[in-house]
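Position one of the sequence shown corresponds to residue 409 (the numbering used here), numbered consecutively onward.
For the record, the hints were derived by calculation from the structure and aren't laboratory data.
It cannot be assumed that every hint is accurate.
[Said to hold, decoys possible] The calculated SDA-like cross-link candidates involving lysine to any residue, where the alpha carbons are at most 25 Å apart (straight line), are:
(1) Lys488 <-> Cys432
(2) Lys488 <-> Ala443
(3) Lys428 <-> Gly439
(4) Lys460 <-> Arg422
(5) Lys451 <-> Arg434
(6) Lys431 <-> Asn453
(7) Lys460 <-> Cys429
(8) Lys488 <-> Gln448
(9) Lys451 <-> Ile489
(10) Lys477 <-> Tyr457
(11) Lys431 <-> Asp496
(12) Lys431 <-> Ser497
(13) Lys460 <-> His479
(14) Lys431 <-> Gln461
(15) Lys460 <-> Ile489
(16) Lys477 <-> Leu464
(17) Lys488 <-> Glu426
(18) Lys477 <-> Asp496
(19) Lys488 <-> Arg434
(20) Lys477 <-> Gln448
(21) Lys451 <-> Asn420
(22) Lys460 <-> Ser497
(23) Lys460 <-> Pro430
(24) Lys431 <-> Glu465
(25) Lys488 <-> Pro463
(26) Lys460 <-> Glu426
(27) Lys431 <-> Arg462
(28) Lys428 <-> Pro480
(29) Lys431 <-> Tyr457
(30) Lys460 <-> Lys477
(31) Lys477 <-> Ser497
(32) Lys431 <-> Ser476
(33) Lys460 <-> Gly439
(34) Lys488 <-> Ser438
(35) Lys428 <-> Arg462
(36) Lys451 <-> Glu465
(37) Lys477 <-> Leu490
(38) Lys428 <-> Glu465
(39) Lys431 <-> Asn420
(40) Lys488 <-> Phe424
If you're wondering where the values come from, they're calculated on a predicted model, not measured in any experiment.
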Amino acid sequence: MFPIIKRKTKGNQRCFGEYKCPKCNRMWMSGNSWANHGQQCIKCNINVYPHKQRPLEKPDGLDVSDQSKAHPQTLCEKCKILGYYCRDSK
409 MFPIIKRKTK
419 GNQRCFGEYK
429 CPKCNRMWMS
439 GNSWANHGQQ
449 CIKCNINVYP
459 HKQRPLEKPD
469 GLDVSDQSKA
479 HPQTLCEKCK
489 ILGYYCRDSK
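Construct the complete structure from the given sequences, taking the supplied hints into account.
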């Protein structure tokens, strides 16, 4: 089993997160990252916490996100807890 560690990111604001699955090494980035909430790896189906988080800012390089791409709510721990799209959370 791989340890799942909650990060100590402070605040209740949506931020930009970088993820790496400890089981399959799949990496992804998300503009819908939240403190102490993970996202499920689509290959391994395990909850993964971000290894890096930073405030949402104007895009610079890799921070560019495709706004037309849907947020996979079924893979988002915050969405599951809320019962609705996490970006609508205040």
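Pairwise hint evaluation, Pro463 against Lys488, where the allowed Cα distance is 25 Å at most: With Cα atoms ~22 Å apart, Lys488 and Pro463 stay inside 25 Å; holds.
Agreement of Lys488 and Ala443 with the hint, judged by alpha carbon distance not exceeding 25 Å: Holds, at about 15 Å.
Lys428 paired with Pro480 [C-alpha distance capped at 25 Å]: holds (17 Å)
Satisfaction of hint between Gly439 and Lys428, Cα-Cα up to 25 Å: holds (15 Å)
Pairwise hint evaluation, Cys432 against Lys488, where the allowed Cα distance is 25 Å at most: Holds - the C-alpha atoms of Cys432 and Lys488 are around 23 Å apart, at most 25 Å.
Pair hint Lys488 and Gln448, alpha-carbon separation not exceeding 25 Å: holds (11 Å)
Pair hint outcome, Lys477 versus Leu490 [Cα-Cα no greater than 25 Å]: holds (21 Å)
Agreement of Lys460 and Lys477 with the hint, judged by alpha carbon distance not exceeding 25 Å: holds (22 Å)
Agreement of Lys460 and Gly439 with the hint, judged by alpha carbon distance not exceeding 25 Å: holds (12 Å)
Proposed proximity, Glu426 with Lys488 (alpha carbon, max 25 Å): Answer holds: Lys488 to Glu426 is near 20 Å, not above 25 Å.
Straight-line alpha-carbon gap Lys428 to Arg462, limit 25 Å: holds (16 Å)
Pair hint Lys460 and Ser497, alpha-carbon separation not exceeding 25 Å: Roughly 21 Å separates the two Cα atoms, so the pair holds.
Checked against the numbered hints above, the structure violates hints 11, 12, 21, 24, 32, 36, 39; every other hint is satisfied.
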